[in-house]
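Trainee: Single-letter residue listing:
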Amino acid sequence: MNFPILSTLIFLPLISSFFIFLSKGQKNNYSAIYISLFSSLATFILSIFVWYSMDFSSSEFQFLEEQSWINNFIKFKLGVDGISILFIILTTLITPICIVSCINSVKDRIKEFLIAILVLETFMIGVFCSLDLVVFYLFFEAGLIPMFLIIGVWGGPRRVYSAFKFFLFTLLGSVLMLAAIIAIYWITGTTDITQIYEIKIPKEYQNLLWLAFFSSFAVKMPMWPVHTWLPDAHVEAPTAGSVILAAILLKMAGYGFLRFSVPMFPLASEYFTPLIYTLSIIAIIYTSLVALMQEDMKKLIAYSSVAHMGYVTLGIFTFTKQGIEGSIYQMISHGLISAALFLCVGVVYDRLHSRMISTYGGIVNYLPKYSFLFIVFALAGLGLPGTTGFLGEFLVLTGAFQKSYLVAMLATFGVVLGAAYMLWLTKRVIFGVTNNEEVKKMHDVNKTEICMLGILTFLVVVFGFYPAPLLETFDISVNNLINNYEMAISSGAIE
Amino acid sequence: MLNNLNILLPEIFLTLSIFSTLMIGVFIKESFNLIFNLSSAIILFTIAIIFNSSNETEKIFLDSFTRDSFSNFFKILILIASLFVLNASKVFIIDNKIGKFEYPIIILLSILGMFFMVSSNDIILFYLGLELQSLSLYILASIDRDNLRSSESGIKYFVLSALSSGLLLYGCSLLYGFTGSTNFDLIADQLIKDNTGAVFAMVFVLVGLAFKVSAVPFHMWTPDVYEGAPTSITSYFAVVPKVAGLAVLIKFMFIPFSNILSEWQLIIIFISIASMILGAVAAIVQKNIKRLLAYSSIGHVGYALAGVATGVTSGYESSIIYISIYVVMNIGAFSCLYLLKKDGEYRENISDLSGLSKKQPLLAISFLVILFSLAGIPPLAGFFAKFYVFTAVIEQKMYALAIIGLLTTVISAFYYLRIIKIIYFDDSAISFDPVKNNVAKLSVLISCAILITFFLYPAILNNVVDALFIN
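Taken in order, these protein sequences are the chains called A and B.
Using the working numbering, the first residue of the first sequence is number 1, and each one after it goes up by one.
Using the working numbering, the first residue of the second sequence is number 1, and each one after it goes up by one.
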């Protein structure tokens with residue numbers, strides 16, 4: 001097919017953001033809202049079309065596009081496979097939900113806000129589509145600009161501190177990756193990753209390059225001990241910003257491990273597995289304990305995200321089919337669940353302007369519909385069977401048990417802690433005694449809110465019971481990934 | 001003979017027009033407007049002449065003057081940059097009552113000096129061009145002669161620059177003494193590692209050149225002169241002489257010093273690292289935006305020199321790409337300053353920018369793009385500038401230089417972010433005055449458009465610069 005469908009997918013939000021820029025009016029700018037909603041839905045439909053027309057029996061990259069760019073060796077190359085398409089769909093699904101959510105909650109400069117969200121969507125889709133290291137880096141870093149503005153302009157009281165911390169942490173991690181990308185260019189003569197997979201990077205370079213990529217992905221993931229920017233960013237960001245941050249931006253790092261670190265540096269990945277296991281276990285247990293003690297709902301969910309991402313890194317570096325499929329599933333599921341939880345916090349925040357757990361209590365008596373939805377997502381977050389959260393964690397743990405009992409046991413302990421903080425949060429917010437008179441005056445979720453949360457509930461439950469469509473999508477790609485990895489390890493061992 | 005004159009046509013045309021406009025200025029009163037427009041026309045005409053001239057390498061006057069694609073490229077860059085700087089600042093010049101008819105003429109004279117610098121293939125011609133340029137710049141720095149700070153900056157610049165010119169000249173004379181020639185090509189043959197005296201001379205020449213591009217540790221004049229001179233002059237200083245200075249530096253490294261790479265490489269690496277670090281760290285505490293841009297330009301010169309430090313053609317090319325993109329970014333940044341007027345005064349403090357995003361959203365977003373580009377964040381052009389430089393540096397396996405350079409980009413990102421924070425996150429009660437300066441607005445928009453769309457086809461600049469070093 002000659003039609004550049006992936007470029008269209010990437011640049012459609014960008015072009016529509018230009019039209020929003022031209023639209024007039026600041027307050028109640030409905031034309032801006034309609035344009036952004038329409039274009040993000042169109043992008044979503046287009047991405048579903050890509051998914052529908054993909055060939056899942058092949059591990060090759062599909063919908064390839066290649067254009068001359070910087071020089072003959074660094075090309076603007078795009079393509080999708082079974083792994084990346086799901087992240088693209090996650091992005092295109094979450095974006096319209098964010099746009100709907102900000103109609104009520106963003107009072108000031110909504111036009112600029114929508115532009116930032118759409119530009120961010122372009123960069124996020126670009127990250128998941130790119131098949132060239134430089135193109136990947138371009139989109140990966142570019143996402144910082146709109147996110148910095150979203151936190152800084154529309155954020156809470158400590159927004160400046162959080163925005164700077166977010167930007168500088170991520171940038172510091174990424175510049176080393178840039179150095180590594182350039183080094184790869186000189187070692188292999190190309191930055192096209194399909195070619196790099198074939199060429200295989202010599203053993204002596206792998207460890208350093210792996211560490212450079214790791215520095216970037218670890219910050220973005222975020223892994224303990226460089227996770228400290230995430231709670232700050234989440235707390236200060238507006239609801240839509242938190243949703244995108246948790247649902248999509250964090251997934252870039254997990255995707256990066258799958259797409260770059262493991263296939264390009266298999267020997268180094270093997271070598272550094274103990275490091276990853278240690279950091280993942282610390283993330284799972286330590287941040288779960290930290291989450292228990294939080295008094296701010298957003299901070300609690302932010303720490304729980306760090307713990308959930310711990311499962312993702314653990315799963316990827318088991319190099320087993322279950323482990324890797326579990327991590328991908330966990331990422332998709334976390335994308336849906338954390339987005340929904342942040343939206344839930346946003347709903348009550350819009351009414352009482354407080355994120356403190358102590359403000360609320362006994363909500364169930366006054367907001368029954370809201371409480372139902374909140375409980376569904378809290379249970380999904382702790383991994384209740386029948387929701388997507390369970391499947392991801394279960395598969396990761398299955399993978400981990402094949403590699404190391406100790407690691408798996410410790411990770412399982414994290415599941416218990418996860419249940420503890422989620423249930424305790426629910427107990428304190430939804431049940432209990434209402435001390436705050438304001439809570440009694442709150443009105444229940446309105447139609448748009450039910451619509452946003454309902455879609456997410458539907459997906460969380462449906463894919464919790466019937467995961468096959470997702471698993472089938474990336475099955476072959478994951479098999480291929482593991483085969484290549486094992487071949488590289490066995491040939492590396494012979495040398 | 002006539003052929004030779006043809007090669008020199010841009011310079012001859014420029015010289016003649018400078019003298020005739022000077023005559024017009026002397027005999028017609030209140031002629032600033034006329035001369036200003038005439039000067040712009042002269043610049044445009046010179047661009048046309050250079051476009052029409054051939055790119056084949058020709059050396060004339062005993063091989064002391066070269067015309068090749070290298071010099072033509074830099075001449076066009078200098079002319080286009082001057083054209084934008086000059087026209088964007090016109091309203092500013094008139095508002096600040098420094099609209100003397102000499103102003104554009106002196107700028108043209110400095111351009112002429114730079115023409116000879118980039119075309120020179122001989123120490124004497126090079127030095128003459130450099131001095132013509134420098135003398136014009138001293139006058140320009142103090143053109144607001146009733147303003148104490150402007151005069152101070154002119155004197156400061158003159159004293160320090162004269163000292164560095166002295167060192168440079170001393171180096172040139174040593175070079176002549178130890179190699180027996182003033183011609184670049186002949187010097188290159190004689191200048192080998194064993195010729196200790198000539199290597200010694202190279203250090204002096206390098207010091208003089210480093211001063212002209214304001215690289216650390218010869219940068220002391222930059223913040224003071226940038227701050228003291230009128231903004232219109234500062235923007236000229238920040239853009240045009242940097243281009244010429246870097247061009248000459250590259251030329252020296254490429255021709256006369258090409259055989260002693262191992263001797264000068266370490267010096268350039270040191271200068272480059274020092275400039276990057278100082279440019280990043282010292283800018284953090286600045287309150288005046290011109291001072292901040294001065295330190296930022298020191299940092300940018302550091303990155304450009306990192307490309308030179310590689311000592312190979314691909315490195316020089318990356319430096320040229322860097323400086324070209326730097327020109328676009330700085331023209332945009334300074335044009336923004338011409339549009340910031342509060343209570344009838346042009347503002348220079350960073351804190352005065354607060355609330356700009358609400359009062360003038362279009363200007364704010366343009367400034368945002370320019371600042372992120374200066375910080376080197378993709379997908380803006382500033383990223384590609386750094387990308388090319390570091391690609392060249394890593395190709396030569398100079399990993400330490402690359403890592404330090406990349407880390408300083410993170411530090412420097414901090415102060416660019418600080419400006420963005422003030423523009424976007426802070427509120428202000430005072431509103432901005434509307435400024436009727438359409439050319440400045442236009443140049444802001446053009447530079448933004450270039451910075452944003454550059455990523456669509458970055459090879460375009462590559463292809464042009466690749467052709468410069470073919471011979």
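Where hints are given, some of them may not hold.
Label pairs and their in silico Cβ distance ranges [said to hold, decoys possible]:
#1 B:Ile-446 <-> A:Ile-103: 32 to 40 Å
#2 B:Asn-288 <-> A:Phe-458: 56 to 64 Å
#3 B:Leu-261 <-> A:Leu-406: 53 to 61 Å
#4 A:Ser-68 <-> B:Ser-151: 47 to 55 Å
#5 A:Gln-195 <-> B:Glu-56: 33 to 41 Å
#6 B:Leu-362 <-> A:His-443: 54 to 62 Å
#7 B:Leu-8 <-> A:Phe-19: 48 to 56 Å
#8 A:Asn-72 <-> B:Leu-261: 22 to 30 Å
#9 A:Pro-469 <-> B:Leu-362: 45 to 53 Å
#10 B:Asn-288 <-> A:Gln-67: 41 to 49 Å
If you are wondering where the hints come from, they were derived from the structure by calculation, not from laboratory data.
Built from N, CA and C at the ideal position, the CB exists for glycine as well.
Trainee: Could you work out which earlier hints the structure fails to respect and list their numbers in ascending sequence?
Mentor: 6
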